[in-house]
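**Student:** Here is how the chains run, residue by residue.
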Amino acid sequence: MSTVVAEHDHDHEHEHHDHGPAKGLLRWIITTNHKDIGTLYLWFALIMFFVGGAMAMVIRAELFEPGMQFVEPQFFNSMTTMHALVMVFGAVMPAFVGLANWMIPLMIGAPDMALPRMNNMSFWLLVAGVLLLASTLFMEGGAPASGWTLYPPLVLQTGKALPFAVFSVHLLGISSIMGAINIISTIFNMRAPGMTLMKMPLFVWTWLITGFLLVAIMPVFAGAVTMLLTDRFFDTSFFDAAGGGDPVLYQHIFWFFGHPEVYVMILPTFGVASTIIPVFARKPLFGYSSMVYATASIAFLSFIVWSHHMFTVGLPIAGELYFMYATMLIAIPTGVKVFNWTATMWKGAMTFETPMLFSIAFVVLFTMGGLTGLMMSVAPLDFQYHDTYFIVAHFHYTLVPASVFILMAAGYYWLPKWTGHMYDEKIGKLHFWLSAISVNILFFPQHFLGLAGMPRRIPDYAVQFADWNMISSIGGFIFGASQLLFLYIVIHTIKGGTGEKVTDEVWEDAAKHGLEWTLPSPPPYHSFTTPPTIIPTEHH
Amino acid sequence: MKKIKQLFACLTLMAFGLGSAHADYALNLMQGVTQVSNDLYDLHMLILWICVFIGLGVFSVMFYSIYHHRKSKGHVAEQFHENTTVEIIWTIIPTLILIGMAIPATKAMIELDDVKEAQMSIRVTGWQWKWEYEYLDSGIHFFSSLDAASNKARQVGSGVDPRSVPNYLLNVDKPLVVPVKTKIRFLFTAKDVIHSWWVPDLGWKKDTIPGFINEAWTSVDKPGTYRGQCTELCGKDHGFMPIVVIAMEPADYQAWVDKTKADLAKGPVLDDQAPAELITAGAALYEKNCASCHMAGGEGIAGTFPALTKSPVVLGDINAQTKLILNGKGMMPAFGTMLNPLELAQVITFTRNGLGNKVGDAIQAKAVKALMSGTAEPVAAAVEEKPAAKVDVSKPLTLADLNTKGEAVYKEKCSSCHQPDGAGMTGFAPAITGSAVVKGKLDKQVELVLNGKGAMPAFGKTLNAVDFAAVVTYTRNALGNKVGDMLQPADVESLKSAKAGK
Amino acid sequence: MATNNAYYIPHQATWPVIGTVGLMTMLAGFANYLNGSSIGSSMMVLGLAIFIVMLAGWFTLQAHESESGMYSTQVGISYRMGMMWFIFSEIMFFAVFFGTLWYTRNLSVPWLGGIGDGPGRDTAMLWPGFEAKWPTNGPGNVGGEFEPMGAWGLPFLNTLILLTSGVTCTWAHHGLLAKNRSQLIKGLIATVALGFTFVACQAFEYHEAYTEMGLTLGSGIYGSTFFMLTGFHGFHVCVGAIILTVVLFRSSKGHFKPENHFAFEAAAWYWHFVDVVWLGLFVFVYLM
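Residue numbers (the working numbering), protein chains in the order written: chain A, 1 to 540; chain B, 1001 to 1502; chain C, 2001 to 2288.
Where hints are given, some of them may not hold.
[To be verified] Computed list of lysine-lysine pairs in DSBU-like fashion (alpha-carbon distance at most 35 Å, straight line):
#: 1; chain 1: B; residue 1: 1395; chain 2: B; residue 2: 1329
#: 2; chain 1: A; residue 1: 199; chain 2: B; residue 2: 1071
#: 3; chain 1: B; residue 1: 1329; chain 2: C; residue 2: 2133
#: 4; chain 1: B; residue 1: 1453; chain 2: B; residue 2: 1358
#: 5; chain 1: B; residue 1: 1439; chain 2: A; residue 2: 347
#: 6; chain 1: A; residue 1: 429; chain 2: B; residue 2: 1071
#: 7; chain 1: B; residue 1: 1073; chain 2: A; residue 2: 426
#: 8; chain 1: B; residue 1: 1116; chain 2: C; residue 2: 2133
Just so you know, these hints were derived from the structure itself, not from any lab.
Let the sequences and hints guide you as you build the complete structure.
**Tutor:** Here is the structure:
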């Protein structure tokens, strides 16, 4: 992103004091303001991060030693299922939607989101969906215990929770579709004059593409779970061989949704990393347009590779080979991204504030997750790796030290802008080092476990897996506990932080990298009531 | 203390990267004992090294940059960006590497898929939570499930140290026996949900899909015992359905086939046993076959699996219970194909006289066999059912009296299946609340409760007229229902005698 | 790109939260109903009522704001984009069921009959005597004997009805653009009438299927795909017809100008989308 801002002044703010928020709790319930809604999303995501994290702690506690110590197997399965659903739909996705709400209008010079009322509804439908899902924990027969993929016929054995889980997916789907439509419309329709598509910050670009993915896939998931509902309650035979259906059909539909869904969580991650690394390397992003094209290619490929999650279900050989080749192709645009970040750092003048530390850790650890992904794309090898701890290690590397780390980085990067206060750098760094070390203790040994033959989603294991599981659990407990530091930092910063007055720019020369740094910290309630004009810099 | 020591040993090993020197645990994929598994191991190593190489390359550039190009060292940022040549190079090189990987991968995939010209076939059926093996050539057929020692140790709070159990969770009662150096075709299917059959030493796993058949093949090079597990989440006891394959020299294998066939030809023993004998043997069978759903003490799991303690099915007609167990219902599998008549007699007798039940009767293998073939009405149970005591039916009761009494009867006789609040159990017992039967005609409901239906026992014999009238009235006017009518004991008697007269 | 100065941003909104509560109550009620709980149906009705009140309230507010000229061209573009992407998401929803139909007809049913590579190589041993053909209720003869729905009776008539309604809808639009209000209203009346006629025919067809032909939602995969596809489509026709009725009502009150009539456009787009889905249904469900 190489743009500067001209002819933009702050004087207009006082004209709009009457647009301030409502008082009290009601402000948050009926708000249509993109910052308020962004804040709601981010807080909700953080709370869900701890809820899902608590479930992970239950899982790691049970797996600390061989033998069943704390929970019944059925409850263990509920925990793995709910941990995934809460983290995916309650934590990571809403966190990125929150960032989008807060940052996209600021980054493109818009007064607010394009459809503010719908924005409010997206958030509350998310809460409703997660409440329905969480309510299943207290139902007869327990919460869904068939894995977050909800494969039939197993999921049809769920007790009273089944229809609630299905409707929860419907609500979450409507929420995501509304959110995505809003983001797409904002980006296409609300950019300041001169902000052409190819001048948009990469975070905006990645969200534009993510928005498209969401609109395309959430209805697909909704359709799939609707068929689960009718198979269970209305006598249909979609997933029943006796009636001419096929349980594997569900898996095809699910992963047609599921694979792009994974990229819904990673593309905005790429966007934030591409925003932060140039600022702290004090260099423009190495290849802006190739990053845009790589993101688009990854998004396109995500729609044609779904069966690599299903290499062992009994696909015809032609299918195995096609999906293997297509999956391998993803490595190319992903490589382009990693090389780009590296080249951006090359010959920069780097400083290592907490956001940068998290971003560098992201590049390294995401690359590791990507490389194990490449190994699993090889179909015959997946006949060994599939459904073992190897894949558990793989996708956690691409989600925790990738998406979650980048969310942390984004938090540290923009908190001073959001609050007007500086966070405590020392505690931030402590949080980083504890997280970065423990996350590897947590997930790296799981590669070994998987290769050595430990299946995933089991509550108890053979004794030869005991040592690595114990190490992994210890890493998990440290990682879980370290995240409380983040909660502390967020609250501390909101309440005044270090007391240091932050400037509009916050980070050295940040204004070269994004419009948000031209506004005061914190920005006014309505961002750009008169649009800034963007003129190209010498780089373009 | 011991565990902490182990932990430290382990951490040290990890630090020095010497983990593989330790025999107990592996860090890498196992090489396995088939051509395919060896080929896959080589492919795995090739790709692993490619990945390590790429990773090291990228990371060393990055770390060099992080070390040298930092502001604190006074490095001034250069402002270069966009270089088409570099970008083309770093697109083309990975593409070439991928092509290099795809070629051996394609070969391995084709090898893995080639089930042609197999010398024998075994059909593997996944069940919740055991494996069924059928040798399609020799007709041998058996079930294989977790061994008793592991099963005991893996219960929550069992107090047994898993380390003291040999091959904890990786041992079965009846292993799959195969000859070495023979191309074996496996056909996979499942009875209930999707499972996945994985023995790492053979080099692959394959999902078992209900209603469909998947294939895979193997040819084991070395005699030995190879262990694996189910790898597709299949419910509660997914972690407890291991696989054991014993590969033998062809001669030994033939001997095993002959012996197994001879045993099968003999057929199961159908001799009568004393009730005490039946119960003792039944207890062990119960633990293995029933306890994972109905729980060790017969208490079941609320909302999912009915309790057997005080269950009306168990307390009811023994023949009805046997039929239910033979044919299955909903999530309950048909045990008729899994257990032989003697085993069934044992486990049924156990449920009626253990788990807090005291019915006091027993069933013998011959009776079970008769019910299985459906040829003859079974020999009556050993102990006669107590007929309901005669009660005074002439006095009409008030609605309130009937409801109070009915609530007590409901709690005792109906609530374990239909649940205390009348919500029923999905796939097993229908809800009473809002039930079409309860809201429908009184006669129809009375007839159903008198005679039973499916898993619902016939209450005509076991409830006296007053209790019967009370509980029916209760269901129609409580548990969220408001039909408003009532049944009098006298009506019950007349309906019963009308039925007897027919 | 228009300037942002005139972009209308409401200060607060209460309808979204009310709608959320309504939707959640309705779905929780439906779930309870499916679980056999006695409060289910009343919860569902209550939720639906709240939801309908929300729709009425929110859309009345929007109509009022629109008519008082609060929406700039740029706001209009946002609404149009919103509607476009919403229709795209609907297309994806229908794609799932068309995909299901394709998969079962071309893959799973042949495999069950022992045709093809992969699972088809041996699956027939589980289902002796099953012959892969379409329509089918599967090797388990699920739901019993049935008669498949032909294409050339009522369904063909319905195709004509829906296509005609597309024409009348466009004719109404021309009327609106030409400031010919009577043409607008006549066109809309015709469209709405044809829409509800379609729904009535569909209801009659379902009645025939259930009572005369033995064809139900439980008739194996044929019944499942047939009723799921036509059912969801029928539901969308109902919704579309109701939206058009509202547009008709607004038109008769003098709403909409040639340069500002987003609600009409959105309804028309939706109607054409429903139309196109039907053509897909007619070809893939009834004809082939």
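**Student:** Next step is simple, just say for each hint if it's right about the structure.
**Tutor:** Checked hints:
1. 1395/B / 1329/B: violated, 41 Å
2. 199/A / 1071/B: holds, 28 Å
3. 1329/B / 2133/C: holds, 30 Å
4. 1453/B / 1358/B: Measuring from Cα to Cα gives roughly 24 Å; hence the hint holds.
5. 1439/B / 347/A: violated, 81 Å
6. 429/A / 1071/B: holds, 18 Å
7. 1073/B / 426/A: It holds: about 21 Å lies between the C-alpha atoms, which stays within 35 Å.
8. 1116/B / 2133/C: Distance ~28 Å between residue 1116/B and residue 2133/C Cα, so the pair holds.
Consistency with the previously given hints fails for numbers 1 and 5, ordered from lowest to highest.
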